[in-house]
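Undergrad: Single-letter residue listing:
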Amino acid sequence: MRPYIRMLTPVLFLLMAVMLSGCGEQFIVLNPKGPIGESQKDLIYISTILCAVVIVPVLILTAVIVWRYRDKPGSKASYKPNWEHSTKLEITWWSIPIVIILILAVITVKYTYALEPSKPIESEKEAITIQVTSLDWKWLFNYPDEGIATVNYIKIPEDVPVKFQLTSDTAMNSFWVPQLGGQIYSMSGMAMTLFLQADEQGSYFGSGANFNGKDFAQMTFKVDATTEEDYNAWIDEVKATSPALTTEGFEKLTEPGSSGVQLFSSFPEGLFEKIVTQYVEGEGGGHHQGGASTEPASAPADESESTISTEHDAQNHTGH
Amino acid sequence: MAHAVSTSAGAHGGHDAGQGGGHHGDHHDQESLKMFGFWLFLITDVILFGTLFATFVVLRFNTAAGPTPAELIELQGIIISTFILLTSSFTSGIAVLEMNKGNKRGLILWLAITALLGASFVYLEVTEFMHLVHEGAAIGTSAYWSAFFTLVGTHGLHVSLGLVWMIALMLQLSRRGITPVTKRKVNIISLYWHFLDVVWIFVFTIVYLMGVM
Amino acid sequence: MLDKIKEFASEFFVTGDPLILGAQVSIGLSLVAIIFVLTFFKKWRWLWTEWLTSVDHKKIGIMYIIASILMLFRGGVDALLMRVQLAAPELEFLHAEHYNQIFTTHGVIMILFMAMPLMFGLFNIVVPLQIGARDVAFPFLNSLSFWMFFFGAMLFNVSFIIGGSPDAGWLAYPPLSELSGSPGLGQDFYIWGIQISGIGSLATGINFVVTILKMRAPGMKLMQMPMFVWSVLSSCVTIMFAFPILTVTLFLLFLDRYLGAHFFTLDGGGNPMMYINLIWMWGHPEVYIVILPAFGIFSEIVSTFSKKKLFGYKSMVFALMSISFFSFFTWAHHFFTMGSGANVNAFFALTTMLIAIPTGVKVFNWLFTMYRGRIKFTTPMMWTVAFIPCFVVGGMTGVLLSVAPADFQFHNSYFLIAHFHQVLIGGVVFGYFAGLYYWWPKMFGFRLHEGLGKWAFWFWNIGFYVCFMPQYALGLMGMTRRVNTYDFDMGWQPLNVISTVGAFLMGAAFIFQVWQIAHSIKFYKKEKDGDAWDGRTLEWSIPSPAPLYNFARLPQVTSQDDWWEEKQRIAAGEPAKPLAPLEPIHMPKNSGIPFIMSVCWFTAGFGFVWDWLWMAIPGLIGVAVCMLARSFSYDTDYYIPVDEIERTEAALRGTK
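Protein chains in written order, with full-length UniProt numbering: chain U, 1 to 320; chain G, 1 to 213; chain X, 1 to 656.
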């Protein structure tokens with residue numbers, strides 16, 4: 001048995017070492033470049049250490065017990081075949097996990113509210129908005145304030161909060177840029193909000209994390225964070241040199257298939273809102289939905305989907 | 001082993017009667033096991049209906065610009081079918097009382113009345129569904145009507161299955177009379193019938209009353 | 001005419017893929033071979049009377065296990081194909097659609113058609129023997145459950161060569177799984193295959209709850225039941241509450257696809273998120289359904305091979321029951337990223353963490369069962385000892401995943417994949433293997449070769465760590481699940497190669513197991529004694545394999561670990577329990593109805609998949625006829641006479 005335990009321990013330690021050092025540029029989850037990703041990394045470390053406090057002794061204890069009480073001729077270890085209960089011991093190991101879980105629970109709840117994805121990031125700078133649509137099988141990004149659109153590519157200024165509004169044209173996907181922060185689903189018929197921010201310039205990997213059909217693996221994209229000047233220059237350049245995204249052009253994008261990077265100098269007005277509300281037929285009973293989901297997103301982070309003015313929320317939200 | 005099975009089965013067909021008390025005990029155990037098993041089945045059926053009710057409640061406003069329940073549902077007919085089903089629950093109770101008195105004819109008669117009431121309930125439901133489809137509310141019209149037809153229809157399907165079962169049981173009763181086995185079967189179907197009644201009260205309240213209001 | 005047939009065949013059969021063509025040919029050949037062997041050796045009748053119509057829980061258990069091992073093979077081949085595809089970036093071994101089908105079928109088969117039947121197989125074989133019963137409460141229903149599972153599984157598997165496999169993931173989230181996202185037949189095979197076998201599982205759940213609560217040997221109190229029986233009870237209660245939800249959910253998806261309903265569609269007011277909630281309300285309890293019995297198995301084995309009473313019996317029972325209860329309140333942790341808001345996420349994060357507490361307590365109790373014991377390293381015990389660290393680490397990563405804001409970074413990544421494979425392989429598979437090795441002598445009356453078993457054990461274990469530890473790292477490198485390929489630039493290749501090597505080590509381990517079984521059959525050595533491991537519970541008090549009626553006399557139970565106590569008393573020279581006189585034994589008769597009825601279900605399901613009402617409706621009518629036929633049959637049981645019991649017992653015990 002011992003070789004087995006021996007083999008396991010280095011593997012575990014290796015894993016721990018990798019996690020704790022965050023070594024290597026490749027471990028992008030542990031190498032965040034924005035405040036959200038940073039807090040999530042801290043949380044990952046805190047919870048790992050808390051768990052390790054119990055796990056490591058248990059693993060050692062397992063090895064010791066298995067070795068000491070193995071059946072061998074002339075074993076000097078004690079043998080008590082009918083010893084089956086000890087209130088003191090059992091209370092001990094009911095309390096150990098309870099205490100650890102209690103601590104972890106407090107931390108988790110605190111972070112859950114702090115890192116609620118729809119909560120704006122505090123910053124002196126005003127957030128820019130990017131409207132994200134997952135299509136089959138590509139990402140469409142609209143910059144409503146700047147009036148440009150891109151496919152499978154995002155450029156953002158550093159140190160500026162970005163408000164991502166997420167929706168989907170068909171099947172659900174998940175918008176994930178690990179170095180900026182965790183993912184949120186993009187679902188049709190509603191717009192979810194996710195605030196992220198890049199603290200450093202750089203080029204970050206992003207992908208669709210939730211399976212949505214054939215070419216799902218092609219739904220990767222790059223997020224480039226640059227200085228504000230570069231960002232503004234890029235906007236101007238796109239406006240000057242790229243073609244416009246027409247309604248027909250959008251229809252073409254919705255056809256199943258993957259795509260490279262595309263840039264558009266403009267997009268049809270209200271495109272994103274139209275995508276969100278495309279499945280709402282008439283007024284329906286949408287008004288009965290009640291107040292909760294029609295309140296603005298700035299209300300306490302209870303309701304994370306932001307409301308688009310044209311949306312009647314006929315697609316109600318059962319996550320609750 | 002199968003050989004052993006068949007020979008012993010053949011050889012001991014008559015064993016049953018000869019062995020006296022112990023075996024009757026066996027049978028009694030068997031029947032009470034089945035009764036208990038049926039109670040557990042009802043729990044799973046409660047979950048099944050519970051899930052359907054949940055989907056109905058979630059989708060209750062999603063009529064997607066189509067017809068709404070308040071426009072189409074006519075409560076009068078529903079009140080009549082509710083009354084019929086409640087009565088049938090009562091008559092199935094009388095059937096059990098007759099059985100406990102050992103009155104085979106009374107038992108079959110009251111079961112037949114129950115089945116007849118059940119059949120009229122199903123008939124009324126089918127007419128109602130046809131009326132709704134005619135008015136433009138089919139299962140594919142909107143999420144609301146999908147949930148409506150599925151929930152109400154599942155209950156109706158339960159009642160219909162119960163009818164077939166009840167008829168089969170009446171045939172068995174007329175052939176075999178009241179034995180521990182048929183007695184258990186009657187008890188179970190009456191339990192099932194009462195259960196469907198309770199489910200219907202929820203359907204009536206949540207789907208119909210609240211739909212019209 | 002010929003053209004029409006050709007056209008039909010090209011729609012009916014999956015064509016155009018050499019891998020599938022190869023499989024089609026080999027499936028065809030093995031079918032012919034099986035038919036030939038059965039005919040040549042005149043075994044059709046034997047197959048029918050001894051197996052297909054059997055209501056004997058031991059035979060049904062064996063059939064479950066054989067089916068599950070076949071499914072393990074199929075699911076394992078799926079896994080190896082996926083690992084080959086991922087071994088190098090931009091590989092074109094499997095194209096995207098094929099890859100998507102394979103991960104979908106891998107998931108469904110491993111959980112529903114491998115883990116579940118293996119579990120039911122062990123329930124069937126062990127539970128009646130451990131509680132001193134002669135069969136389960138409803139033997140006919142038990143046989144029906146098995147055949148429903150079997151034909152459901154066949155319906156699902158047949159999609160591989162006929163009509164096309166499902167490819168929307170193992171839980172088939174809409175709108176992808178709706179007609180708009182998956183117009184093919186694969187999704188319909190998915191719905192009907194799972195639906196039919198799911199009804200069987202539900203019936204098994206009810207059957208075993210009744211069996212355990214009502215059929216225990218005289219004197220056996222609830223708190224004297226073997227821990228495995230407790231775990232089966234908790235698992236079956238969970239089945240009873242969870243599986244109806246699955247039935248409804250799949251039925252609603254069927255209505256959407258078949259009748260154009262709008263439950264989960266995008267248009268018409270449908271709500272795809274409702275499906276995700278519903279499917280996980282079943283799906284989360286489902287993983288506890290399969291893990292709880294594994295906990296029970298470990299409890300039995302750890303006590304037997306430490307030669308010591310199970311530590312903390314009451315704590316263990318309480319832990320099992322509370323896990324089963326809490327499993328219904330954690331489902332939303334599968335979609336923290338849906339944006340349900342902080343309140344919802346915090347609630348489900350906490351309930352999820354709560355489950356870690358009873359699970360942790362169980363680990364301590366197993367450890368302290370070994371403490372001050374005398375541990376014998378037989379193969380069942382080795383699997384148990386390997387389970388503890390593996391499950392502890394897998395459980396820890398589970399707790400990490402339950403931290404909702406951190407889950408935003410883990411979700412849908414290979415970190416998640418590594419986590420659930422670690423708990424499902426390290427917990428469920430290790431557990432069921434341990435159980436299979438432990439009860440094998442009881443099932444078949446001979447032992448498995450220990451040496452080959454140890455080879456298999458090491459290959460499985462090393463293979464497991466080599467395969468899945470790199471996947472945790474890959475998750476942290478941003479690799480998402482279900483990608484069929486990746487860019488060279490990501491730097492994911494080295495770890496993927498290692499992972500693939502690990503998968504093949506586990507494949508080799510499976511071959512060792514097949515070899516082990518073949519070897520042990522070839523060098524068959526009959527067990528002299530029913531008590532293969534110096535066991536503690538009632539199943540070891542009777543000959544191996546158990547006679548048709550299990551117990552000639554129903555045991556009179558006076559304590560927990562009753563057989564062990566009895567042996568201790570005899571060793572101490574105290575008088576054994578007095579033997580009651582033999583009495584005729586009441587047994588259920590075999591019946592062909594369950595088999596025929598399941599064939600009818602299969603026919604109906606197949607008809608609905610193809611939208612062939614001429615096939616579906618007769619199928620459903622067949623089901624109804626079978627039910628009525630059963631209702632009208634009164635001659636369903638018989639008695640084994642005393643002299644026959646005496647003869648059987650003498651023959652069995654005489655070889656002692």
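Quick caveat, the hints were computed from the structure, so don't treat them as lab data.
Any given hint could be a false lead.
[What the hints assert, rightly or not] Derived BS3-like pairs (lysine-lysine); straight-line CA-CA distance at most 30 Å: (1) LYS163(U) / LYS88(U); (2) LYS43(X) / LYS589(X); (3) LYS183(G) / LYS307(X); (4) LYS185(G) / LYS589(X); (5) LYS80(U) / LYS214(X); (6) LYS307(X) / LYS80(U); (7) LYS528(X) / LYS88(U); (8) LYS221(X) / LYS88(U); (9) LYS80(U) / LYS577(X); (10) LYS307(X) / LYS43(X); (11) LYS522(X) / LYS589(X); (12) LYS528(X) / LYS567(X); (13) LYS76(U) / LYS125(U); (14) LYS43(X) / LYS454(X); (15) LYS214(X) / LYS185(G); (16) LYS72(U) / LYS43(X); (17) LYS4(X) / LYS72(U); (18) LYS222(U) / LYS163(U); (19) LYS567(X) / LYS221(X).
Note that this is a predicted model, so its numbers are computed, not measured.
Undergrad: Against this structure, judge whether each hint is valid.
TA: Taking the hints in turn, this is what the structure says about them:
1. With a CA separation close to 54 Å, the supplied pair LYS163(U) and LYS88(U) exceeds the 30 Å bound.
2. Proposed proximity of LYS43(X) and LYS589(X) is supported: the alpha carbons are some 21 Å apart, at most 30 Å.
3. Of the pairs offered as hints, the one joining LYS183(G) and LYS307(X) is violated, with about 50 Å between alpha carbons and a cut-off of 30 Å exceeded.
4. About 20 Å separates the Cα atoms of LYS185(G) and LYS589(X), which keeps this hinted pair within 30 Å; it holds.
5. Distance hint between LYS80(U) and LYS214(X) is unfulfilled; the C-alpha atoms sit about 34 Å from each other, more than 30 Å.
6. Between the alpha carbons of LYS307(X) and LYS80(U) the distance comes to roughly 9 Å, so the proposed pair stays at or under 30 Å and holds.
7. Restraint check: the Cα-Cα separation between LYS528(X) and LYS88(U) comes to about 43 Å, which exceeds 30 Å; the hinted pair is violated.
8. Of the pairs offered as hints, the one joining LYS221(X) and LYS88(U) holds, with about 26 Å between alpha carbons and a cut-off of 30 Å not exceeded.
9. For the hint pairing LYS80(U) with LYS577(X), the CA-to-CA distance comes to about 26 Å; that is within 30 Å, so the pair holds.
10. With a C-alpha separation of about 44 Å, the suggested pair LYS307(X) and LYS43(X) falls outside the 30 Å cut-off, and the hint is violated.
11. A distance of roughly 33 Å separates the Cα atoms of LYS522(X) and LYS589(X); the hinted pair therefore is violated under the 30 Å criterion.
12. Between LYS528(X) and LYS567(X) the CA atoms are separated by roughly 17 Å; this keeps the pair inside 30 Å, and the hint holds.
13. Under the criterion of a C-alpha separation no larger than 30 Å, the hint pairing LYS76(U) with LYS125(U) is inconsistent with the structure, at around 72 Å.
14. Between LYS43(X) and LYS454(X), the direct Cα distance comes to roughly 35 Å. Violation of the 30 Å bound is thereby established for this hinted pair.
15. Proximity of LYS214(X) to LYS185(G) is assessed by CA-CA distance (about 19 Å); at most 30 Å being required, the pair is judged to hold.
16. At most 30 Å may separate the alpha-carbon atoms for a hinted pair to count; LYS72(U) and LYS43(X) exceed this at roughly 49 Å.
17. The straight-line distance between the Cα atoms of LYS4(X) and LYS72(U) is roughly 74 Å, outside the 30 Å bound, and the hint therefore fails.
18. Annotation: proposed proximity of LYS222(U) to LYS163(U) holds, straight-line Cα distance about 17 Å (limit 30 Å).
19. Between LYS567(X) and LYS221(X) the alpha-carbon distance is near 20 Å, which keeps this suggested pair within the 30 Å criterion.
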